[in-house]
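Engineer: Chains as they are written, first to last, in our numbering: chain X, 1 to 112; chain A, 1 to 116.
If you are wondering where the hints come from, they were derived from the structure by calculation, not from laboratory data.
Certain hints may be false.
As the list claims (entries may be wrong) - EDC-like, lysine to aspartate or glutamate: derived pairs with alpha carbons at most 16 Å apart:
id : chain 1 : residue 1 : chain 2 : residue 2
1  : A       : Lys83     : A       : Asp38
2  : X       : Lys60     : X       : Glu94
3  : A       : Lys96     : X       : Glu94
4  : A       : Lys9      : X       : Asp84
5  : X       : Lys52     : A       : Asp103
6  : X       : Lys49     : A       : Asp38
7  : A       : Lys83     : A       : Glu62
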Amino acid sequence: GNSVTQMEGPVTLSEEAFLTINCTYTATGYPSLFWYVQYPGEGLQLLLKATKADDKGSNKGFEATYRKETTSFHLEKGSVQVSDSAVYFCALKETSGSRLTFGEGTQLTVNP
Amino acid sequence: DGGITQSPKYLFRKEGQNVTLSCEQNLNHDAMYWYRQDPGQGLRLIYYSQIVNDFQKGDIAEGYSVSREKKESFPLTVTSAQKNPTAFYLCASSKKVAGGSADTQYFGPGTRLTVL
Chain X
1 GNSVTQMEGP
11 VTLSEEAFLT
21 INCTYTATGY
31 PSLFWYVQYP
41 GEGLQLLLKA
51 TKADDKGSNK
61 GFEATYRKET
71 TSFHLEKGSV
81 QVSDSAVYFC
91 ALKETSGSRL
101 TFGEGTQLTV
111 NP
Chain A
1 DGGITQSPKY
11 LFRKEGQNVT
21 LSCEQNLNHD
31 AMYWYRQDPG
41 QGLRLIYYSQ
51 IVNDFQKGDI
61 AEGYSVSREK
71 KESFPLTVTS
81 AQKNPTAFYL
91 CASSKKVAGG
101 SADTQYFGPG
111 TRLTVL
């Protein structure tokens, strides 16, 4: 079956540091890949997505590239802010289906 | 303003009682989903519906029931058979794309259920 593995958290960074949150997946075919962000007490917000190999999703300074050869979709940001503190979820969806498979989430805390 | 609404935001229930969580969307999406989130964990799929009057069990459907009588609405009932119902419940929706698969899922703000 499908699975998503995220780097274990929590991750604590200082403001303006570089962020990488690793995400690898196992799936048949060519899934779509997503990063969602969850702020405390709220629902999930779509951060970015990529639907085919070598696509780069980007939003609000965050980027992730769909790497089929390494089955990865790592999230990066060049300079984090305190307001980026949240839980980040990597997810995949099979081409023909509707269900999402989520990783366990990575808690990010950014200190001033 | 289009979006997904869930109500109430906080819900308290006594053991042995059934409770229904509301989820409404005005995005004209075909598919709707219910997830459960426990502290420090990812999301687990409870039920989903791809079309009105049809729904499928997810990974943890036991102790839950749903209905899909209208396209905009997908209420979730947590029954007394659910052994550990205290959790954060999230509703999502997505539109269909060519070929019948579903597009990106968008989430509501969630309902936090506490069993007393």
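Engineer: If a hint holds in the structure, say so; if it doesn't, say that too.
Structural biologist: Okay, the hints, checked on the actual structure:
{"no.": "1", "hint": "A/Lys83 / A/Asp38", "verdict": "holds, 14 Å"}
{"no.": "2", "hint": "X/Lys60 / X/Glu94", "verdict": "violated, 26 Å"}
{"no.": "3", "hint": "A/Lys96 / X/Glu94", "verdict": "holds, 14 Å"}
{"no.": "4", "hint": "A/Lys9 / X/Asp84", "verdict": "violated, 24 Å"}
{"no.": "5", "hint": "X/Lys52 / A/Asp103", "verdict": "holds, 14 Å"}
{"no.": "6", "hint": "X/Lys49 / A/Asp38", "verdict": "violated, 25 Å"}
{"no.": "7", "hint": "A/Lys83 / A/Glu62", "verdict": "holds, 9 Å"}
The structure is inconsistent with the numbered hints 2, 4, 6, although it conforms to all the rest.
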